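J.: Each chain, letter by letter, is given below.
There are 2 protein chains.
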Amino acid sequence: MVDTPSITMKDIARDLGVSVATVSRALKDSPRISVEKREEIKRYAREHYFSPNIIAESLRKSKVQPIKIIGVIIPQLSHFYFSSILSGIEEEASARGYRLMVAQSRENYEDEVKICQAFSESKVCGIIVSQAKNTTKYDHFQRLLKHGVPVVFYDRICTGVNASRVVVDDYMGAYAAVTHLIDTGCRHIAFYGTTLTMEIGKNRYNGYRDALLKHGMRPDDLLIRNCDNRADAEAITPDIMSLATPPDAFFAVNDDTAIGILYSCKRMGYRVPEDISICGFTNGERAVACEPMLTTVEQRGTQVGEEAANILIDQVEGALPKDRVEKRVVRTRLIIRGTTK
Amino acid sequence: MVDTPSITMKDIARDLGVSVATVSRALKDSPRISVEKREEIKRYAREHYFSPNIIAESLRKSKVQPIKIIGVIIPQLSHFYFSSILSGIEEEASARGYRLMVAQSRENYEDEVKICQAFSESKVCGIIVSQAKNTTKYDHFQRLLKHGVPVVFYDRICTGVNASRVVVDDYMGAYAAVTHLIDTGCRHIAFYGTTLTMEIGKNRYNGYRDALLKHGMRPDDLLIRNCDNRADAEAITPDIMSLATPPDAFFAVNDDTAIGILYSCKRMGYRVPEDISICGFTNGERAVACEPMLTTVEQRGTQVGEEAANILIDQVEGALPKDRVEKRVVRTRLIIRGTTK
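Protein chains in written order, with full-length UniProt numbering: chain A, 1 to 341; chain B, 1 to 341.
Same shape as in the complex, but just chain A (with noise of 0.2 Å):
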C-alpha cells in the first residue's frame, strides 16, 4: 500500500465549505445529498485522491479523540415510531462519528432512573429521550444536565425539565387532517384520543378543535372519546354510530385506532370512504396493509431522530451552547389515502 498522507474528510468539508456529515453522506451516494452537491463533493475527492482507509481511518480518528457514545433511552423498541426515530439517531450519529448506546425504559420510570445512571458511568456525552409514560419525577435529568451532560428530549417533552426538545407538529398535523375532512363534505367529525394525560394528546385535540372552529363547526362532546388502540375503537364505535347523529368522519390520534375504526364501521355495514372517512395518525406499516389503505398524517420518526441527534451532537461540539434551550418542530404531513374522499 502506498501510503501517501491523503486528503481526509475533514479537509474535503472545509475546501468546498459544507459539513463532514454532507462530505460522508455524499460519498455514500445519499439521497439526502442533491445529486449536483454529491458529484461536485465525489468529484473534488476524486481529483485529490481521497480513498476510504476504513481501518486507519478509524484508528486516527480513535487516537485523536476518545470514543464519543450517546446515550439513546427508548420506551419500547418494538414500536415502529419508536424504531424508526432510533435509525434516524444512529444514521445522523454515524455519519458524524458518535456511537449510540441504547436501553429501553419499558414505560417504566424505575428503568429510566437506572438507564440514566448507567450511562452516565459510561461517560456517555449527551442523552437523547422520550420518557417513559408514568415518569412524573425528574431529578435524574436534572442530575445530568447539572453535571454538563446535554440531555435532548423527543416525542414525549418532559414539562419539568428546561431542555432541548424535537416534536412533531402534533397540532398542525391535526388541523390539516380535519381540515382535509371538511374539505371533502365530513360534517359530523368525531374525535378518537387522549385528550388529556399527554401533551400529544392534547395538541392533536387542540387541531382538531381549531380545524372545527375555523369552519364554523363546535366540537360536539358526543364525538369525542377517550380511545387509543384498536381493541377499544372496536369496541366503542357501533355505540357512536347508533347516535341520533351519527359522525360521518373519524379522526382518531393514531393508525392503530384508525384501523379499529374502520373495520368496525365496515362490520356494521358502512362503506369506506363512500359512508364514512377516516383518517389517522403515524403513516407505519399498518396504514398501507388495510383496505382500503388509510389516510394518515405521517409522522416522520427518521427526521425527529436526526434533528435530535443533530441538536445533541452541536451541543457536544460547542456549534450550540451546551445551556442552550433548542426546541424544534418536525412538520407533519398529511398522506391521502383511500379511506378519505
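Errors might be hidden in some of the hints.
You can't tell identical chains apart in this list, so a pair holds if it fits in one copy or across any two.
As the list claims (entries may be wrong) - Distance condition first, Cα-Cα at most 25 Å in a straight line; then the derived DSS-like pairs of lysine-lysine: (1) K214 to K10; (2) K202 to K42; (3) K114 to K28; (4) K202 to K10; (5) K114 to K42; (6) K10 to K146; (7) K10 to K114; (8) K214 to K137; (9) K10 to K322; (10) K68 to K327.
Keep in mind that the hints were calculated from the coordinates and are not lab data.
Given the structure is predicted, the values throughout are model-derived calculations rather than measurements.
Since the structure of chain A is already known, use the hints to place chain B on it.
T.: Just chain B now, with coordinates in the frame of chain A:
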C-alpha cells in the same frame, strides 16, 4: 421543587481543608481515617444536607468493575423483525447487567466492517450480528474471533464463519404452513420467495417442498416464483392466476409479499379464503391490519434476541467455552387467521 444547591464532597473537602478522598473515606466510615476526623466530616456533611451524589458514586464504582458492553449490528432498525430482535437482546442484556452499543449496517458491507472496527475500539465484550445482504467476505468477523471477542449471529447466518448462531426454524415453519394449506383442501400451492440467494429462503423452500412430497404432491416449477415484496407480488400474481391450472393457495416468505398476493387476488375478484388461501411468514403489524387478517408463521424475534444475548453473555462469563460454537433454533408458530380455511 425546592432547588437548594446541594453541597458536594469537594465543597466539604475545601471547607474542612482535607482532600476529597479523605471526605469520601470518612463518609464510608473507613478505618483509614481517625474516628475524630470521621465524626467531624460526617457532622459537617449532615449539617450541610450533603446527599451522596449517585452519579459521582457510580463513576467511582465503575473503576472497580469495567462496564460490559455488547455490540449489536442490525441491518435496518426500521424493519419490524429486527427491532423486535433488538428488543429481546436489550431485555436479556440489561437483566444480566450488560449495556448495548447499537449500529445499523444499512445492508452495506463497508459499513459493517467499520462498525466491527468501531465496536472493537470501544472494547465491547462481544458482538451480536445479522450480516448485511451483500457481505461475502468475513475477515472482519474472523479478526474479532481471533482476538477472543465472541461473535453470535442471528437471523442471517454467515456460513463463512464458524461462530455461534440463533435462527428460527424456517424449515419447520414453512413445513407446518404448507401442511395446513394441504389439510384445508388446497392442491395447487404456489411458493413466492427467494429460493437461491439466502439460507433463509432455501430453508423455507425446502419446508414447502417436503410438505408437498410428504402428501404425494410434486413441486411445480410454474408455481415457484422469485418474489419477496408486495410490489412484485402485485405485479406477477395476475400472470400466475392466468395459468391453465392456477394455484388455489400461496405460501409467501414474508407478510409483505403475502399481502400483495391477497390484494391482487381480491382485485381480480377471487374470494379469500374461499377461492384462494394465503399464508405469510413474520407476523408483524401488517398481518392483523389486512382484511381478512393473515394466516402466518410467527418468527418470534424477541426470543431470537434473548437467545443470542444469552449465548454471548454465557461465553463472556465462561458458562460456555469461548470457542464453543453454539447453534440454537427458535421454534416458529403457525398463527391461523382469516386468509386460510
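J.: A separate judgement is required for each hint: does it hold in the structure or not?
T.: For each hint, the structure was consulted:
1. K214 to K10: neither (51 Å within a copy, 59 Å between copies)
2. K202 to K42: For K202 and K42, the Cα distance exceeds 25 Å both inside one copy (47 Å) and across copies (39 Å).
3. K114 to K28: between (38 Å within a copy, 13 Å between copies)
4. K202 to K10: Neither: 44 Å inside a copy, 45 Å across copies.
5. K114 to K42: between (45 Å within a copy, 20 Å between copies)
6. K10 to K146: Between. Shortest inter-copy distance 15 Å satisfies the 25 Å Cα cut-off; intra-copy 32 Å does not.
7. K10 to K114: Between copies only: 18 Å across, 37 Å inside.
8. K214 to K137: neither (38 Å within a copy, 61 Å between copies)
9. K10 to K322: Both, since 23 Å and 23 Å are each at most 25 Å.
10. K68 to K327: Cα proximity of K68 and K327: one copy only (24 Å, versus 34 Å across).
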